[in-house]
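Student: Build the full structure now, drawing on both the sequences and the hints.
Going by this note's numbering, the letters in the sequence shown line up with residues 1 to 216, in that order.
Keeping only pairs whose Cα atoms sit at most 27 Å apart, straight-line, the calculated DSS-like set for lysine-lysine is:
(1) 102 with 86
(2) 2 with 114
(3) 102 with 39
Everything labelled a hint here was simulated from the structure, so no lab data went into it.
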Amino acid sequence: MKINFRINHHTEHEITMGHKLGFTPIPWVDVISATANMKGFTPLRATRNMQGWDEKLIEMAAKDCNDQGEIAIVSECSPTLLLVPKTKNRVTPLRQIDFLTKDLIAAVNKLNAKYLHFTHFGFVQGILPFDEIYEIFRSLLNPKIETSLEIIYFELDARCLDVMTWFYRDVVVNELKYQTGLLEWSNTDRFEWVYDENMNRGTGELTTYRFVRASA
Numbered sequence: 001m002k003i004n005f006r007i008n009h010h011t012e013h014e015i016t017m018g019h020k021l022g023f024t025p026i027p028w029v030d031v032i033s034a035t036a037n038m039k040g041f042t043p044l045r046a047t048r049n050m051q052g053w054d055e056k057l058i059e060m061a062a063k064d065c066n067d068q069g070e071i072a073i074v075s076e077c078s079p080t081l082l083l084v085p086k087t088k089n090r091v092t093p094l095r096q097i098d099f100l101t102k103d104l105i106a107a108v109n110k111l112n113a114k115y116l117h118f119t120h121f122g123f124v125q126g127i128l129p130f131d132e133i134y135e136i137f138r139s140l141l142n143p144k145i146e147t148s149l150e151i152i153y154f155e156l157d158a159r160c161l162d163v164m165t166w167f168y169r170d171v172v173v174n175e176l177k178y179q180t181g182l183l184e185w186s187n188t189d190r191f192e193w194v195y196d197e198n199m200n201r202g203t204g205e206l207t208t209y210r211f212v213r214a215s216a
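Tutor: Here it is, written out as structure tokens:
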């Protein structure tokens, strides 16, 4: 199994308002994992909007996931959605983070999935959860883990790129004691606000801006 980091660059509006709007799907993945949070302009909502999943289904699944405190498999979605309960930085015990990461891998194995789109750190708000990230890397990269996965496409907020990749190398080289080659990474699509020149019918007022993929 290997990790491919996908770098997310956000608009000033997303950063200032704390609204995650853009999401770049990967057509060939089997499963997408996301934090079970549909309250507000969250990464899960952005993912739902782009994938076209039923909103009520995702809201109910997210609530059930948090109530149960374990991974939820939403097979009605394509790709299959794996929801992970919300955690609290420096509050949730690390043993719970380890449990949830292993539970996620178990869900992936149950589906015999090869390609996982891991969206949890594509848009970071507040203090970066250092301990939680370390524990996730320890669990995901443990060479003793048995998994059907071949590639994890790991979303990273561009603002945290340096520190997150440093965490990754620290766990791999200093804790797990094996060498890593060059990091594999790619950029996700960039988005922008585009002014819509159409007029609102009969009012004379200009319409709102539209959030679209940026031109090359």
